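Chains as they are written, first to last, in our numbering: chain W, 1 to 136; chain E, 1001 to 1135.
Simulated from the structure, these hints should not be mistaken for lab results. There's no promise every hint is true.
Stated by the list, open to error - Here are the simulated lysine to aspartate or glutamate pairs, DMTMM-like style, with alpha carbons at most 20 Å apart:
| id | chain 1 | residue 1 | chain 2 | residue 2 |
| --- | --- | --- | --- | --- |
| 1 | W | K51 | E | E1126 |
| 2 | W | K48 | E | E1071 |
| 3 | W | K48 | E | D1022 |
| 4 | W | K48 | E | E1126 |
| 5 | E | K1103 | W | E118 |
| 6 | W | K43 | E | D1082 |
| 7 | W | K48 | E | D1082 |
| 8 | W | K51 | E | E1122 |
What you are looking at is a predicted structure, and each value in this text was computed from that prediction instead of being measured.
One letter stands for each residue in the lines below.
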Amino acid sequence: MRRRTEDSVETPIASLIDVVFLLIIFFVVTASVEKDIVDDTIKLAQAKHAKAVETKQDNTITINLHDDGSMNIACHPVSKRQLKQLLKAAVAKSGNTTPVLIRGDAETLFREIDGVMEDIGSVGLYRVKIAAEVTH
Amino acid sequence: MPLLKKRTSEQVVQVPMSSMIDVVFLLLIYFIVTHKDELSEAHLAVNLPTPGAAASDRKPQFLEIEVRPNEVYLQGARLPLDTVRQKLNVVAQYDPEQTVMIKTSLQARARELVSVLDMCKEAGLENLNVLTLED
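Go ahead and model the full structure; you've got the sequences and the hints to work with.
Structure, rendered in structure tokens:
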């Protein structure tokens, strides 16, 4: 009786390993995707000559700015007041050298970008970058 | 003879189908994952106007670009984008450290600002300041 069950267990080792590998890959992928959530609904302005970034500094604050002026950080909508608080918290946590990236939609009015830049400047941050899509 | 040969090779191929599918799936997943990482984004660094800087009475040689909706002014003259690009290249040849003031109208679109920033980067100018154009 005992022997028989052992025999039947021994058989599907190879496929078990396959499944385990797939699970590992799945978890690795979901973990790394969560780290930088990209707002795909934004159509960035195109830059023909700028170089694509390879690595982004870990503590970069990314502000997504839609063409209607609404903002979100990592897909969480934020109001102007919340943004200011977040920026203040970031300054308190990692100093005023924290880089800020503005991912503005191509059709966003400069009025909106200017508003965000004013907020960034008012809390003492100065390393501002504007994201663009690289087209070669 | 060729007919016989074909038969044996077909028989050999038939055996490891399921493991091959596994491998193919793994490859597929690998490529999907690595592809997502290749988001080609450029991050154009700009300087913010420091409070009080405008009040200084020093008159440094700034290169002034005005970005208005659908038009670009270089040192006060409205110019087509290609001319602006050429002039920026000339400026960058003399002095790559040249400070550029990009005054942007509130009605201008992000696309227009980015195209000007991109032109400056192309010319090799790195000292870019974005200001608001009061109009």
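Contradicted hints - numbers only: Hints 3 and 6 contradicted; others consistent.
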